[in-house]
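J.: Just so we're aligned: 186 in the working numbering is position 186 of the sequence shown, and the numbers increase by one with no gaps anywhere.
Heads up, a few of these hints could be off.
Below, a list of computed lysine to any residue pairs in the SDA-like style, where the Cα atoms sit at most 25 angstroms apart [claimed, not checked]:
1. 208 / 94
2. 208 / 162
3. 208 / 42
4. 73 / 143
5. 249 / 192
6. 208 / 237
7. 73 / 85
8. 208 / 190
9. 249 / 216
10. 208 / 219
11. 57 / 124
12. 156 / 237
13. 73 / 124
If you're looking for bench data, these hints aren't it; they were derived computationally from the structure.
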Amino acid sequence: MSGLRCEIIDHCAIITIDNPPANTWTATSLQQLAEYVDTLEQDGSIYSLIITGAGTKFFSAGAELSLFADGNKGTATAMANAFGMAFERLSAFSGVSIAAINGYAMGGGLEVALACDIRVVEQHAQLALPEASVGLLPCAGGTQNLTALVGEGWAKRMILLGERVSAQQAVHIGLAESLVESGAAFHSAQVMAQMVERQSPASVRACKQLIQAGRTMPRSQALPLERELFVALFDTADQREGVSAFLEKRPANWLNS
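Please put together the full structure from these sequences, using the hints given.
T.: Set out below in structure tokens:
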């Protein structure tokens with residue numbers, strides 16, 4: 001068993017982390033996540049991706065610490081690479097990825113949410129990167145993605161001090177974009193996915209590229225790229241469809257081409 005389930009509803013893929021009792025990650029499930037994203041990327045009808053956890057207590061508690069108990073550097077290298085490959089692939093997904101955080105999101109469980117575009121968190125959830133408390137560090141993008149979202153101060157509080165954040169705090173500091181009642185994260189994520197369907201897939205793809213480029217690319221390069229990608233959209237059928245639909249006062253029929 002990979003510990004993951006994937007289903008498609010309309011233009012949205014839903015990946016559920018299902019590895020009881022805490023929905024932990026394994027090398028197999030990380031490989032499966034990367035493969036799922038690759039497959040979805042090839043399907044032009046998939047515009048969004050929701051990731052959530054099975055059950056009601058855990059979104060994901062990250063990796064099984066027992067994997068690292070013997071201090072084997074080979075195991076550490078293999079798992080670090082597996083986490084990096086899977087979550088970086090998720091971050092590069094050309095559609096919109098939404099984490100429906102329906103419980104504890106710890107370590108690699110929070111890092112998979114950080115690799116998504118948007119995070120919806122249920123009011124009972126707790127979020128943390130506690131790796132330093134067991135002699136490790138967040139190696140799946142946590143130090144970089146958390147800092148990009150919440151700034152250096154809160155990233156240091158969560159990583160260097162091991163401070164756990166409530167759902168309410170997560171929204172307050174910019175770690176999550178939406179706070180919902182317990183049991184409502186998945187539905188809220190589905191509503192967002194339906195909003196994505198109203199947007200041109202080509203436009204979303206270009207905009208996401210530009211937003212994420214801002215983390216590493218100087219503005220002097222990003223601004224010309226913004227204009228370049230704007231003009232490139234005129235090579236797509238969806239640009240013509242979008243403008244025509246607006247002028248004709250009707251919903252657009254996107255072709256993702």
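J.: Please flag the earlier hints that this structure goes against, numbers listed from lowest up.
T.: Those not satisfied are hints 2, 9, 12, 13.
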